[in-house]
Structure formats: C-alpha cells, structure tokens
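Each chain is listed here by its residues.
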Amino acid sequence: DTAVSQTPKYLVTQMGNDKSIKCEQNLGHDTMYWYKQDSKKFLKIMFSYNNKELIINETVPNRFSPKSPDKAHLNLHINSLELGDSAVYFCASSGTSGRANEQFFGPGTRLTVL
Amino acid sequence: AQSVAQPEDQVNVAEGNPLTVKCTYSVSGNPYLFWYVQYPNRGLQFLLKYITGDNLVKGSYGFEAEFNKSQTSFHLKKPSALVSDSALYFCAVRDTGAGSYQLTFGKGTKLSVIP
Chain V
8 DTAVSQTPKY
18 LVTQMGNDKS
28 IKCEQNLGHD
38 TMYWYKQDSK
48 KFLKIMFSYN
58 NKELIINETV
68 PNRFSPKSPD
78 KAHLNLHINS
88 LELGDSAVYF
98 CASSGTSGRA
108 NEQFFGPGTR
118 LTVL
Chain U
21 AQSVAQPEDQ
31 VNVAEGNPLT
41 VKCTYSVSGN
51 PYLFWYVQYP
61 NRGLQFLLKY
71 ITGDNLVKGS
81 YGFEAEFNKS
91 QTSFHLKKPS
101 ALVSDSALYF
111 CAVRDTGAGS
121 YQLTFGKGTK
131 LSVIP
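Top line first, the protein sequences correspond to chains V and U.
Basically our numbering = 1-based index in the first sequence + 7.
Basically our numbering = 1-based index in the second sequence + 20.
Keep in mind the hints are simulated off the structure, nothing from the lab.
Note that the structure is predicted; figures quoted are calculated from it, not measured.
There are no misleading hints in this set.
Cβ pair distances, simulated, as ranges:
id	chain 1	residue 1	chain 2	residue 2	range
1	U	E35	V	T14	30 to 40 Å
2	U	N50	V	T66	18 to 28 Å
3	U	V103	V	D77	39 to 49 Å
4	V	E65	U	P38	36 to 46 Å
5	U	K130	V	T9	20 to 30 Å
6	V	H84	U	A34	41 to 51 Å
7	U	T116	V	A10	24 to 34 Å
8	V	E65	U	N50	22 to 32 Å
9	U	S100	V	K47	28 to 38 Å
10	V	N33	U	L76	27 to 37 Å
11	V	P15	U	K89	35 to 45 Å
With a Cα cut of at most 30 Å, we get these calculated DSS-like pairs of lysine-lysine:
id	chain 1	residue 1	chain 2	residue 2
12	V	K47	U	K127
13	V	K43	U	K69
14	V	K74	V	K16
15	U	K127	V	K29
The C-beta atom is built at its ideal place from N, Cα and C for all residues, glycine as well.
Let the hints inform the model, and build the full structure from the sequences given.
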C-alpha cells in the first residue's frame, strides 16, 4: 500500500499550458507539503498545508496554486507553464505532532516543459 | 533563520569501509535534525532523526548519526558500507521555536560505494 502517492509520474507539456499534479496520503497525517527539486537535486519547499490551512507559502510565482480539498489530499495546479518550471515535484506528509515528525515523501512527478 | 550545510558534494568509499557524510546546521533555537536518502528516480526516504536525549541516534539500514551541539554538527555514519548504500543523502533541520514548520534541506551529498 502506497503511503504517499502522486499522479502523474511523468508530465510532458508545452509552454503556456495549464497542468495539475495530484497527491494523496493514506497515513492519517494532518500536514502536507509540496517541494521542487531542480536539476542539481536542490530541494526547496513550496507550500505546506496543516488541516487544509496554508501554513507555508514560500516565494513561488503565483502561477502555482495549491489546493487541499481534505486532509488526505494536496493538489498543485500550475498555470502558464514556463521552461523553468521543469523539475521534479515531490509531495510529502507528516504527523500531527508537528515539528518533530519526519516527513514521508511521494515518488515524485517529473515535469518537462517544452 | 535556519540553514544546513553539507560540505561535500560527493563521498567515495570502498565497500566494507566505514563511511561518514558530514552535516552542519544553524538555528536560532534548538534543532530537530533529520537524515534522508534518495535513490535514483525515487522520493526521499527517512533514515533517522535527533529530537532530544542521547546524542547518538540509530536509524534504518545500519546508519547512525551523532549530534554535536558545540560543533553544530550531525554527521551520518555507518561502520561498514555496502554497494547498495550508493545514493544521494540529505541532511535537514527544523528549529524547535514556535511557528516554524519549515524543514530546510542541505544540498545533498552523493555517496558512491565502490565494490
């Protein structure tokens, strides 16, 4: 049983398109995250939701919009895709005790913008 | 502000030898410290964490890490490296201070274990 799942695994699209990545966790966690990993493997937090409320919103273009319909899901919608958006996007979740808890990561979505 | 430094981009070690992957951190308060491993084309997997208590933390796959407050370090170690340990390793820190949910990652260290 996959703990944190993401769809799709690969996403190839043209510049200017709008796309979404979905994330689901079945761990009963209250906090979920989106990270971007660039070509140099640097990992950067983008957003975090706790109980469906946005708690971390790093400096990312407003073309990126997270949506959390419930505690188990955190989706990422990207408008007007640009070449620089090409990266691997990871979803993660962590438990209710907050800062001491480790995060569990999904397998990643490799986004390629042509 | 919190930050993590992994001074080595790559570490090479012979199979069977001990390995060390270095990590230093900076936080305003006390740290929660984590190590994660990433295999090619996979997500990050949690290895171990330091919250409080014993400075030597044992984790998955025979890894351990030692918290050193005076040197602000949290180096990852394993007594005998396996070829299957070859992967990308990330150190991460979170300040225990109020209002900080963000986990800051280092830039990663690529470990290559040579048969």
